[in-house]
Amino acid sequence: MRTNGLSRTLIQSAIVAVAMTAFQASGQRADYQSETATLRVPFLLDTTEAMLARDRLMPPPNGIQVIRNIFQITEDEREGKDGGKNPFQEIIPGKYFPGPSENGGTPGDPNMAAGPNHVIACINGSIRFYTKAGGLTFSVNPASFFSGLGVSLCCDCRCFYDPGSKRFFIMYLGFDGTNHSYYEVAVSDDDNPNGTWAKWVLNSSMNGTTLSNFWTDYPGFGYTSDTLIWTGNMFPISGSGNYGKIRIAGKQQFLDGSPTITYTDFWNFTNPAGGTAFSLQPGRTTGAANVPVVVNVSGTNRVNVFAIQNPLTAPALVKKSVTVSSFGGPSGGKQLGTTTKIDMLDSRVYDVNVRDNMILVTHNISGGAGSRVRWYELDGSNLPTSVTLVQQGNIEDPSYFTGYGSLNKNMYGTIGTGLTRTSATEHVGVYYTGREAGDAPGTMKPMTLKRIGVAYNGENSGATSRWGDYCGGALDPDDFTFWAIGMVPVSSGAWGTEIYAYTIGTPANLAGNIHLDSFVGSIIGQAATLEFRSPGTTNVLHSYPISLNAGGLYIIPAVAVGTFDLAIKFSHWLRTILPSVTFALGDNSVDFDTANGDADGDNVIDLFDVNAVFVVFDSTDPSGDLNGDKAVNLDDLNIALTRFGMAGPP
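Numbers 8 to 657, taken from this note's numbering, label the letters of the sequence shown in order.
Derived by calculation from the structure, the hints in this document are not laboratory data. Hints should not be assumed to be uniformly reliable.
As the list claims (entries may be wrong) - Computed list of lysine-lysine pairs in DSSO-like fashion (alpha-carbon distance at most 27 Å, straight line):
| # | residue 1 | residue 2 |
| --- | --- | --- |
| 1 | K102 | K576 |
| 2 | K173 | K139 |
| 3 | K173 | K576 |
What the hints assert, rightly or not - DEER-style ranges, computed between Cβ atoms:
| # | residue 1 | residue 2 | range |
| --- | --- | --- | --- |
| 4 | N546 | T432 | 33 to 39 Å |
| 5 | G469 | S406 | 22 to 28 Å |
| 6 | V547 | T450 | 43 to 49 Å |
| 7 | F624 | T545 | 32 to 38 Å |
| 8 | S529 | D197 | 27 to 33 Å |
| 9 | T544 | G336 | 21 to 27 Å |
| 10 | G469 | Q260 | 42 to 48 Å |
Just so it is clear, CB atoms sit at the ideal spot from N, CA and C, and this is done for glycine as well.
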């Protein structure tokens, strides 16, 4: 339970003490309470331009004091000139850059998402969009971002990029004047966050269609290919008692921008071995998934998996559990230069990711110097019938405190985790580690430092300094690179965040040359998609964008390993298929030759293509410019006639 810090501060500042009748739970079942509700909820479409304009007019949310952020530091300060002090110590080169920073809004709850060309960073007082090179493209406070939905306070953020729908999702908790709570949800219109966002506010104090006397804390936000899942710890506005909650809804409603949302709530249920289920976190799912899953830990040696059967038709909760090595709650992490410790909170679950029914889980436990990251891999392929433990391990060193790990798995079965590390001989820093599929079970590689703070953090000036409460991680859409965000001290009274990419192991790189026959113009930037198909079928397993350089060279830095049929098609060229090409880790090379003349793109060269050239003849229309010389003339007509009757493979 979170008893201090930002969430509690914001809530206390918003409370209007009211007495309410205890709710009467509907949908009573033997082991949990649930109800499906269809409600018209506050909804709006908003552009990043409008949000920026609002942000210039709105003060930060009540209870948050924003200090000068990292982008307001001068270049001289960055370089350490004129007495200025670089706010971070650079350790190693690579793809990393400072994220949002603030003071007085502790904990930061940093979370992030990685799309094809942008990353999103969310903390309790800021939402920011960046290019992958670290260029800031958008910055707004959450209250401005969600303005117009009738909820003024925002905290406890979560975000992710969904590769299936190619959309970004952001969620914050919101509170109103009665201290009821809300899931504030935003969805981008495409894979570029700098555009239009659709937004909803879902009352998380509702249990189905009944308004409860409880508010939500420590929320989770996850997804499968067709669902969105929220979780939360429910606390009474007045009175006593608490319980855990799960909400699940069809994802397509949000992709369609529907103002009417149907969802199912499960609440006030127990763990498989008994005791109120609490501090639940939903999985973010890549690839195959039998059922959506939610995970928590209980006792001293149990990991519990809550599977949701028939999520879109008749949702039902099934509970399974596995026994793991004994664990206890962590102690605070020592820091260089102070007796104030970094708060490692408790042993609640921090991150859950699912890859092809393999469930990855992290939390903080006691051990090592006093705190360490514990991780698990569970096999959920037999859910909802059973779940089994595949492996478990600790990220630890007898000299260091570790905590707040994120965990993801890429297409090679490689696991990456970003985490916090501190000790009596070093300041708090962000690190990463991981394991390849062939490594010994339960082991991780040595930790690698990405950034380290320049001072201790004594913001709370007590026995412990609030930190976390979690650090976000993401898998890049290239399905190889990992991303993470973590907190680092920028002074003894302020913290910042660091966003960083990292890799574990060697990818399967692909490069080659593509010959576009009868092409005489510049081929720089000519684009296509390379499909990896199941051999002998049209079933696309993976797809990768291709862009050519002046010599017809393409490079894909990470592709899947295995044997595939390769299919490629540019705009005016018949599709080319190379059967049964095998890829291994390391460098792979594949060349393609293509036949020109398919002006209308149907993979057949016929009278329609000849007609397409005639229609724009003697112009510069690219639809008829088959040879790329920026003129539609007899040369283009000759290409269509010469290739007449040809058809590409399926």
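Now for the hints, and whether the structure bears them out:
no.: 1; hint: K102 <-> K576; result: violated, 32 Å
no.: 2; hint: K173 <-> K139; result: holds, 17 Å
no.: 3; hint: K173 <-> K576; result: holds, 22 Å
no.: 4; hint: N546 <-> T432: 33 to 39 Å; result: violated, 55 Å
no.: 5; hint: G469 <-> S406: 22 to 28 Å; result: holds, 24 Å
no.: 6; hint: V547 <-> T450: 43 to 49 Å; result: violated, 35 Å
no.: 7; hint: F624 <-> T545: 32 to 38 Å; result: holds, 35 Å
no.: 8; hint: S529 <-> D197: 27 to 33 Å; result: holds, 28 Å
no.: 9; hint: T544 <-> G336: 21 to 27 Å; result: violated, 51 Å
no.: 10; hint: G469 <-> Q260: 42 to 48 Å; result: holds, 45 Å
Of the numbered hints stated above, those contradicted by the structure are hints 1, 4, 6 and 9, listed in ascending order.
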